[in-house]
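Visitor: Line by line, the protein sequences are chains A, B and C. Sequential numbering of the first sequence, starting at 1, is according to the numbering used here. Sequential numbering of the second sequence, starting at 1, is according to the numbering used here. Sequential numbering of the third sequence, starting at 1, is according to the numbering used here.
The set of hints was computed from the structure by calculation and includes no laboratory data. There is no bait here: all hints are sound.
Okay, derived cross-link-like pairs now, DSS-like style, lysine-lysine, Cα gap no bigger than 25 Å in a straight line:
hint	chain 1	residue 1	chain 2	residue 2
1	B	K145	A	K174
2	C	K119	B	K329
3	C	K333	C	K296
4	C	K230	C	K333
5	A	K207	B	K184
6	C	K107	B	K329
7	A	K212	B	K193
8	A	K212	B	K378
9	B	K193	A	K207
10	A	K272	B	K378
11	B	K127	A	K272
12	B	K378	B	K184
13	B	K101	A	K272
14	B	K101	B	K143
15	B	K306	B	K329
16	B	K187	A	K174
17	B	K193	A	K174
18	B	K127	B	K156
19	C	K172	C	K333
20	B	K27	B	K17
21	B	K378	A	K69
22	A	K275	B	K101
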Amino acid sequence: MSGLTKKFVALAGLSAFVAGNAVAAELTVVSWGGAYTKSQVEAYHKPWMAQTGHTIISEDYGGGIAEIKAQVDSGNVTWDVVDVELSDAIRACDEGLLEEIDHSTLPPAPDGTPAADDFLPGTLHDCAVASIVWSSVYVYDTSKVRNWNVPKTMGDFFDTNAYPGKRGMRKSPKVTMEFALIADGVPVSEVYDVLGTEEGIERAFAKLDTIKDDVIWWEAGAQPAQLLADGEVIFTTAWNGRVFNAVAAEDQSFEMVWDGQIYDLDLWVIPKGSKNVEAALDFVRFSTATEQLANQASWISYGPARASSVPLIGTYHDNPAIKMADHMPTAPGNFANALQNDFEFWADNQDDLNERFNAWLAQ
Amino acid sequence: MNATQPITAADGTPLKKKLAQAMFRSKLRAAGLVAPLLAFVLASFIFPIFALMWQGVHNNTFERLMPNLTEELRVWDGLSEPTEEMYTLLVADLRQNRADKTIGRVASRVNQELAGTRSLFTSTARKAAKLEPPYRDALIKTKKKWGEIKVWQAMKLTNQSLTPGFYATSLDAVYTVDQGFIMKEEKRQIYTKLFIRTLMISGSVMLLCLLLGYPVAYLLATLPLKYSNLLMIMVLLPFWTSLLVRTTAWIAILQSQGVVNDILVWVGIAADDSRFSLIYNMTGTIIAMTHILLPFMILPLYSVMKTIPPSYMRAARSLGATPTRAFIKVYVPQTIPGMGAGGLLVFILAIGYYITPALVGGQDGQLISNMIAYHMQKSLNWSLAAALGGILLGGVLILYWAYDRIIGIDNMKLG
Amino acid sequence: MLDGSDPFVCFRNVQKSYDGETLVVKNLNLEIESGEFVTMLGPSGSGKTTCLMMLAGFETATHGEIELGGKPINNIPPHKRGIGMVFQNYALFPHMTVAENLTFPLKVRGMSSGEIDEKVGRALDMVQMRFFADRKPAQLSGGQQQRIALARALVFEPELVLMDEPLGALDKQLREHMQYEIKHIHENLGVTVVYVTHDQSEALTMSNRIAVFDDGVIQQLADPVTLYEKPENAFVAQFIGENNTLAGTVTSLSGGVASVTLDSGDAVKALAINTDGKGSATQLSVRPERCVVTPKKKAGLSSLKGRIEELIYLGDHIRCRMTVAGNDEFIVKVPNTADQLGLQIGAEPYVGWQTDDCRALDVKDA
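In isolation and in its complexed conformation, chain A is listed as follows:
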């Protein structure tokens, strides 16, 4: 447990004492760590603890549903709320690993719009409630002087003649294959149709072949910013919030290219058999309210999953000069050529494509 978290626990314990709340629960909330978890702690955990007198223990994990599955299967569930990706949420729900969440209990928008209508399309599921929209983009470092035209399109990422040098990419077929097709001229609306065919897969690998020798593959979310800052690569794909954080908090001069961005959701789920289901549900409802989602956006540049939160988005928490709305994946200027990750396609094809992707890597 980090020192910061301990402090929250102490703080919450104190407030619980003051409130005289006799049934304070201890909730374990699991997320991806780093700047992202910090934004959740600031926007969700602290206010919720102050309001209810419950305490939250914050844990980090690296994604996937292996740990949830292990906990549920063994009957020893220690996680109460988990932040997962969409395809994992769907899969875990199908496998009966998650508690169902009744959408009608979610708080309505301030103007009274029911939650089911206020949440963006595709963000509410049987077992999961989305909190943010995040995006995979590619990024370069403007502080390194190079004589090239400013890269603008996904095609530029794959153009080794105009932009010679190493590129960082996530070692996963997901996003990588979509990027390849977009760069090869497939319109974003047709990417998954093309990728669903054998020829489409071949086409994506063929495009990747053109840069294979120039790619450094990364796996952890913190790596791309490091690779770029170290000058190991000229471009790297990255998660937009991490890049924003490197710019806003660490003064890196990174610039994102939004063309061909692939956006995805992060959702709250509650593992089946959680010992604090009621408190967990309460936390999920609280944190996905309009105000909290808008608050989180002042800590990291991930877009809120509710339409009613968008107008409330303010400035970066310690720098009023940064208007957060401009940095969201969903900002009009960024959203022109965007693709939503197709969780169903990946649920079906992840294992197979991953095997082919690894085979391709090993060639």
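Based on these hints, arrange chains B and C on the given structure of chain A.
Guide: The following block gives chains B and C in isolation, referenced to the frame of chain A:
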């Protein structure tokens, strides 16, 4: 005394029996002393290994969760058109799985055999309650894939709980209903390549460790105590540093803007715009792993060398051998037990390594254990992970056996 | 043996220091003739093994010359000196069979395999170990390993063999047996042997000459009889065999005989071997077997009154501990004859010896 008559104790009972009686109590006590550890090892090591190995050949997800369809699939020949009866039983099972929230497990299992079927099962199950007979037409109307024979063949394969399929996959083959085992096409082969690469990298790391560790161990064994103690601390230092810290340090040193490349550019060996790729490839994996595993080579070597008195070398020289010849013919052969122990230790540790290759391996420095970790943690295909692990374990046992045949396990000395 | 020609091995003003502060070997001069069996005898730390190692080439002399066959060998590495060596722990190569151990020195000399087989066979016969040729050293007893080590040191027919306490690890009976065997092999082969031991009886049994070492200096170099009968200083007298000492002062010297007044006040005569002249302190040395116990003073002998403290019956003789002239550790070996059996503890007979058997030597501290 007649040789054919058993020797008896003073009271007439056969001596052997008497001895066994006398020994029984002490044996019982010895067994009692060992029992707790034995139970612990059985429960925490042997049993899990066998349980996991069992998973590599046995996966009853489908059979267990699709109880209606399973019998029918077993008798189906796998080639003829599926009957309406089969479709009806399928719908019944889908409904039940939807209600039990177990459809995802069935879907994942079938998807392992045939990519693209997970959503077929999950989305159909969602609608299964509303389907009306005749079910064949209703299902095909929902998703036309249900009319494809290969979906049914995939179900027949997954219905077979005891299956060689995972081992086949581990060796880049496919187990099919009608044609038995078929090798995958060249560009889709991955696991055999990784197995071979794992052996090659482990072998290289072992040889490098031997080359680098031998002189150090020799120094350790021959230097005066005050210097050798200092050297020993330096050898052991990596043990006291976290694996991640060490690996990260290698990244800082070896990357293209790192210390080594900076020096090479400064000296003039490399041009600034064509720096060496020392990391995120096989070179990086070998360098980092050699560093991490070096102590495992040095320590057994040292413990063997320590026991070799200097008089052997002196004897060899007094008999007329040059220092080099004395070293090769007399000293080196006596360190074979240490080389064997260190080599085996390093090799076995190396083929199981996955954190270091994951961090510094790039695309051509990945080992089979990275694949096992992937299937354990990400794809959740534990059966395939178990099969891959089983092959790795088998490989280690074969090596161990070969080592025993060639050098002799009694000759191994760990410390 | 000593024919006046150049010595085979020669140490000339050799000094050795390991730390640059103290000398382990101080100005050593030693000449060994070809075919001689010379033993370096001394307590541990006396410098004898260092001398041997300098001769073998494993230590370098800090100063001085070492010559072998008339040529200086200071700068010749050990493997070119052609010296056979037997080590304290045998140093048989554990990964080789007995035969391979013996083959080793021949192979490095590039001999043909026929020649090698013949020499190895002969060497094994010499130590009666032919049937053990295919065994590993670990499968042999200590005595057998010792024989193989000996055979290996001799198989390439060196002219000089060095032995560094080769029998130290064997039990008493086997050790005595091996002493004779080594002695016989030396006599049969005519090879020169330099032998290091701290066991004086071993040295006396085997050697032509013995160099007694103490404190980095050769105290006396002589054949066994001379060494025992005529020790030149108190250290040698004490180190070789048993010895009674009496402290006193020289009162006069005449014709090689010193008159000495003992610290107890008694006056005796002794051969003046190593004294600083009249008025100097001296230590008298008398062997226990050269003393007689008589009820009265006997003419022609130096006699002192003593008191019997302890009697130990040893069959062939009786070991009689007495107090004589203030020394209560004075030992007399009384032959087991009928008339001497009347000795009683507490009795006060006379102890006497010939003047020739009493040697006035230097005073050794401690």
